[in-house]
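There are 2 protein chains.
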Amino acid sequence: MKILHTIPREDGFFMPAEFEPHYGCLMIWPERADSWQYGAVAARRAFCEVAKAIAESEKVIMLVSFEQYDTAREMLPEYIRVVEMSTDDSWARDCGPTFVKNKAGEIRGIDWGFNAWGGLYDGLYFPWDKDNKVARKVCDLLEKDTYDARDFILEGGAIHSDGEGTVMVTESCLLSKGRNPELTKEEIEQKLKAYLNVEKVLWLPCGIYNDETNEHIDNICAFTAPGEVVLAWTDDTKDPQYEMSKRCFDYLMQETDAKGRKILVHKLPLPSPVYMTEEECEGLIHWDGEPTRTDGERLAASYVNFYIANKSIVMPFFGDEKDEEAKKILEQLFPMRKVVPVSARDILIGGGNIHCITQQIPLWK
Amino acid sequence: MKILHTIPREDGFFMPAEFEPHYGCLMIWPERADSWQYGAVAARRAFCEVAKAIAESEKVIMLVSFEQYDTAREMLPEYIRVVEMSTDDSWARDCGPTFVKNKAGEIRGIDWGFNAWGGLYDGLYFPWDKDNKVARKVCDLLEKDTYDARDFILEGGAIHSDGEGTVMVTESCLLSKGRNPELTKEEIEQKLKAYLNVEKVLWLPCGIYNDETNEHIDNICAFTAPGEVVLAWTDDTKDPQYEMSKRCFDYLMQETDAKGRKILVHKLPLPSPVYMTEEECEGLIHWDGEPTRTDGERLAASYVNFYIANKSIVMPFFGDEKDEEAKKILEQLFPMRKVVPVSARDILIGGGNIHCITQQIPLWK
Chain Y
1 MKILHTIPRE
11 DGFFMPAEFE
21 PHYGCLMIWP
31 ERADSWQYGA
41 VAARRAFCEV
51 AKAIAESEKV
61 IMLVSFEQYD
71 TAREMLPEYI
81 RVVEMSTDDS
91 WARDCGPTFV
101 KNKAGEIRGI
111 DWGFNAWGGL
121 YDGLYFPWDK
131 DNKVARKVCD
141 LLEKDTYDAR
151 DFILEGGAIH
161 SDGEGTVMVT
171 ESCLLSKGRN
181 PELTKEEIEQ
191 KLKAYLNVEK
201 VLWLPCGIYN
211 DETNEHIDNI
221 CAFTAPGEVV
231 LAWTDDTKDP
241 QYEMSKRCFD
251 YLMQETDAKG
261 RKILVHKLPL
271 PSPVYMTEEE
281 CEGLIHWDGE
291 PTRTDGERLA
301 ASYVNFYIAN
311 KSIVMPFFGD
321 EKDEEAKKIL
331 EQLFPMRKVV
341 PVSARDILIG
351 GGNIHCITQQ
361 IPLWK
Chain L
1 MKILHTIPRE
11 DGFFMPAEFE
21 PHYGCLMIWP
31 ERADSWQYGA
41 VAARRAFCEV
51 AKAIAESEKV
61 IMLVSFEQYD
71 TAREMLPEYI
81 RVVEMSTDDS
91 WARDCGPTFV
101 KNKAGEIRGI
111 DWGFNAWGGL
121 YDGLYFPWDK
131 DNKVARKVCD
141 LLEKDTYDAR
151 DFILEGGAIH
161 SDGEGTVMVT
171 ESCLLSKGRN
181 PELTKEEIEQ
191 KLKAYLNVEK
201 VLWLPCGIYN
211 DETNEHIDNI
221 CAFTAPGEVV
231 LAWTDDTKDP
241 QYEMSKRCFD
251 YLMQETDAKG
261 RKILVHKLPL
271 PSPVYMTEEE
281 CEGLIHWDGE
291 PTRTDGERLA
301 ASYVNFYIAN
311 KSIVMPFFGD
321 EKDEEAKKIL
331 EQLFPMRKVV
341 PVSARDILIG
351 GGNIHCITQQ
361 IPLWK
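Top line first, the protein sequences correspond to chains Y and L. Take 1 as the starting number for the first sequence in the working numbering and just add one per residue. Take 1 as the starting number for the second sequence in the working numbering and just add one per residue.
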């Protein structure tokens, strides 16, 4: 593995869209006792369901600590590769490498700086040194070269690419004081353009209410095709999410992408608000003396947090009346893929969802 | 990765010789403070030399703990793959998988039981649970299926195969009470024949004097070609090693291999006896309250402990007057390979040598 200090744009590498062909998917086994209630037993089952659904059409690599290796190997089918790696939690999307590709079909990783979604300012745990080494180690595992972009704090869940010159982000996340406070919005945009090799950055104002990642893009809005997105939506004007989704909608309606196309916005309904229960909170250990979740806390549930596998869409279900409606919309938007729902409450209460616990590895030649 | 409960012989898989083509070589970064003096600094340098010499003609994968990952990545050139894995020490030969191959060119690993060279009877450390998981994890890393042979205690350094139906072992090791005391010699031979798929087991009586592995074969005798071996030798009749080497020589002279060939024995001189110094002992921490080495202790130095890479022989030098003589003999025996010496005192004082810290992975189709 070469550690590269050049810039992907200069080398002709760009970030493909998630709906382009994958080699496989990276995941990390859940274990952290202040994230995953009751010894992560239910979370492990949910992660296994996600892994198995994805593995039907691409390879899955599950990273796991030494301590949990045997459990993971036992619970996962043999066609899923289990590889030991130390991490601080289970968010492959955010600490894993962002892969870029060139026209010859080669791929390379980008190793962004990772500081647990806000570092000492408003990060979610400390330390995060194990997570911050994951991207580089995954590249060595896959025998791929890696760009050193550790001086720029970014998570995979904070960016969505259409593969044709446009990425989407949220201002709430990328301009947050816990990320790159020394950089202006313009400088951040230049970084994204240089590393992801895009011409246009779409800055949605915000994300999902109470999303502790400072409102990652991947929970509110996702490309389903070039020029087309799904946006998490509620018609309940009393819900604080209404105003947030509306601002994103209005922004998107007046924007065009890098190709000059107007953006076609498909509204994807949100489930009814989901709250932590007292029993769930009791299943967590405290972190740094404090509870990590409180009884009645609203969780950032959204159907947008799905994963696009080669032949399927793996989407969260919440046991909500909107589950089937959201599934039908995704089926219409991805007619070539099978939409596979996974009961995702046990992932959601850890702080994210299916897209957050996965990271696609593009197919290479 | 499939975990197989069948027998390699029944599946048509056999152990190739080390001099057959390799995909690469497995190594483990030294770290353990009761094995490697003064923070393993000198050992790391020696391991790097070995890795670089091997990497000139095949891939090298270096397994390393989370804690040492950055150091290993920094010290090793970029063409060597560094992969995180928890281990108890650095003996890839002994805890790594033994690979077997079939006629179609597929390879599989064998996951033997590992108990630190003798378990609670006379093993060298406790616990050894991390080491005992290495073979299986390496197979998952390489996406190879693995035979479950964990009920049989064996180390890679205890066997040498000629790839044509014969393996060599030592009685002192395989019949030791710390290995498989519930099995008779005949039963052990049957196990070896079944798993390595050979017709003949050559039982050398013993190995190198004071070799703490219960005298592994790989320190005393090695195949250089089918029907040909090098045997560690001294002409000093006062040295206890003289009688040991002589017994092995006499045994080999009256034996034939699986093909019915007489065995051509090349004597490889031993260096003058090598002893631990007081300064080296002071650089080690105690284990379980006891010193792991004592001042003046004789070390099991032997030139036989070399590694056969695709295009080179990586052999230990001891700063001894016999270094060049041993090198010349190996050059004559391996005319197609370059003999590369590495100053190996800093490996030797850990308890083994170049063959012990490496494990070949046969080339597969």
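Don't take each hint at face value.
What the hints assert, rightly or not - As a list, the in silico SDA-like pairs of lysine to any residue whose alpha-carbon atoms are at most 20 Å apart:
1. Y:LYS2 - L:ARG81
2. Y:LYS2 - L:GLU74
3. L:LYS130 - Y:SER86
4. Y:LYS59 - L:GLY260
5. Y:LYS130 - L:GLU143
6. L:LYS144 - Y:TYR79
7. L:LYS144 - Y:LYS130
8. Y:LYS59 - L:GLU74
9. Y:LYS144 - L:ASP70
10. Y:LYS2 - L:THR71
If you're looking for bench data, these hints aren't it; they were derived computationally from the structure. Quick caveat, the model's predicted, so the values are computed rather than measured.
Checked hints:
1. Y:LYS2 - L:ARG81: holds, 10 Å
2. Y:LYS2 - L:GLU74: With Cα atoms ~11 Å apart, LYS2 (chain Y) and GLU74 (chain L) stay inside 20 Å; holds.
3. L:LYS130 - Y:SER86: holds, 14 Å
4. Y:LYS59 - L:GLY260: The hint is violated at about 48 Å.
5. Y:LYS130 - L:GLU143: violated, 25 Å
6. L:LYS144 - Y:TYR79: With Cα atoms ~11 Å apart, LYS144 (chain L) and TYR79 (chain Y) stay inside 20 Å; holds.
7. L:LYS144 - Y:LYS130: violated, 28 Å
8. Y:LYS59 - L:GLU74: The hint is violated at about 30 Å.
9. Y:LYS144 - L:ASP70: holds, 17 Å
10. Y:LYS2 - L:THR71: Status holds; Cα separation ~16 Å.
In summary, the structure is inconsistent with hints 4, 5, 7 and 8 from the numbered list given earlier, while agreeing with the others.
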